[in-house]
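> Okay, here's what each chain looks like letter by letter:
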Amino acid sequence: MTEYQLLVQRYDPEHDSKPQRQHYTVPGDHTTSVLDALLYVQHQLDPTLGLRWSCRMAICGSCGVMVNGIPKLGCKTFLRDYHTDIIIEPLAHFAVEKDLIVDMTQFLAHLSAIKPYLMNDYSGTAVHKQTPAQLAKYQQFSNCINCGLCYSACPQFGLNPEFLGPAAITLAQRYNLDSRDNGKAARMPQLNSKNGAWGCTFVGFCSDVCPKQLDPAAAVNQTKVESAKDFIISMFKP
Amino acid sequence: MNIPDSARKPYQSELSRWWWLKHRDYRLYMLREATVLPLLFFIGCLLYGLYCLTQGSAYWQSFQLFMQQGWVIALNLLAFAASLFHAKTFFALFPRVMPLAPAALMISGQWLATLLIATGVFLLFGGWL
Ligand code: SF4
Ligand code: FES
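Residue numbers (my numbering), protein chains in the order written: chain V, 1 to 238; chain H, 239 to 367.
Because the hints were derived from the structure by calculation, they are not lab data. Please note that the accuracy of each hint is not assured.
Covered by chain V, according to a simulated footprint, are these stretches of chain H (three or more residues, beta-carbon under 8 Å) [said to hold, decoys possible]:
no.	segment
1	281 to 289
2	322 to 336
3	339 to 348
The following residues of chain V were derived to be distant from chain H, with all beta-carbon distances above 10 Å [to be verified]:
no.	residue
4	E3
5	D16
6	H43
7	A92
8	A133
9	K224
Note that beta-carbon positions come from the ideal geometry of N, C-alpha and C, so glycine has one too.
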């Protein structure tokens, strides 16, 4: 067992006017994740610490925190990789409700704004066949776990919360690329706007932090290409 | 009685204008964007040269003297390095946005095309073609 020093950002909306840091010493070995360490704090040292988590296996997307300034999933980040004090803060660019818990309302609103569902004229119980090649076109972009790490990595979202942001635009691209979907025309107006794909300046940090390797930056910039095509085609339409 | 919602007091921190100093990734991004600055100088030189060309040989000679100064050469070398750096970042990003072939192949293809075109232009203006 090694001892690790955690500096955890605390904020109690009932008493604090702004967040401050609190120091905890936690034991850990090579299997201890940041989430394990935070739960140790909550169970053994300080039951008032607020945090979100569920699956502990990088699939529910609820344990996102900033670890030394980088957005990470707490359950997929291990103490063994840190050799100095570990600073743990709530996800950047979101409003903090309490301690490590942020308000993701805006993020969820952006996700639903791009109509993330299949739109087509199929009716009844018809089977929608899809070839492996058609699946491969969008599969990478369909692995999102809605953790929001990419929004904490994105300075454009930090500067302008109206920007649809990496995950939402990636999700739109996921449906636009799906051979069973006909909803692209309905999604393009959102994506064409300045809060859509063009709000992105290709900083690219979102792709580095994505725990599921979706490469949201690539999806956003593919959407820019689509948006440009959409614009050119619209010029020739009566 | 307290309605639960009324106990909320979310804390929103502001992104400072120095956000781009916070991470290595952000600094690299800013460096990529800043490569345009020395390029502007290079374009200025080019335009000045064209202007001198239209004004006769006295002007042209003064342009050549201008271009031979140490600081002008240094700035143009900087512009050259900056455009190579920008090309490197661009070539790496392109296959991700337009995955037409394996990324490594596309990246080397782009460098090869750049080299060929640059050599062609060089030969053309040097009078060898
Ligand atoms: S794109 Fe990646 S980082 Fe963004 S919400 Fe989805 S899984 Fe998380
Ligand atoms: S606890 Fe579910 S992703 Fe970490």
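> Now tell me if each hint is right for this structure.
Hint check:
1. Judged by the Cβ-Cβ criterion of 8 Å, the segment 281 to 289 of chain H is not covered by chain V as claimed, because only 0 of its residues qualify and three are needed.
2. Evaluation of the coverage hint for the segment 322 to 336 of chain H: fulfilled, as 4 residues show C-beta separations to chain V shorter than 8 Å, against a requirement of three.
3. Evaluation of the coverage hint for the segment 339 to 348 of chain H: breached, as 0 residues show C-beta separations to chain V shorter than 8 Å, against a requirement of three.
4. In this structure E3 (chain V) is separated from chain H by more than 10 Å, as the shortest Cβ-Cβ distance comes to about 28 Å.
5. Remark: the non-interface label on D16 (chain V) conflicts with the geometry, its nearest Cβ contact in chain H lying 8 Å away (cut-off 10 Å).
6. Under the 10 Å C-beta cut-off, the non-interface status given to H43 (chain V) relative to chain H holds; the minimum distance is some 25 Å.
7. Not every Cβ of chain H is farther than 10 Å from the Cβ of A92 (chain V); the closest lies at roughly 8 Å, contradicting the non-interface assignment.
8. Every C-beta of chain H lies more than 10 Å from that of A133 (chain V), the closest at about 13 Å, which supports listing it as non-interface.
9. For K224 (chain V), the requirement that its beta carbon stay farther than 10 Å from each beta carbon of chain H is not met, with the minimum near 8 Å.
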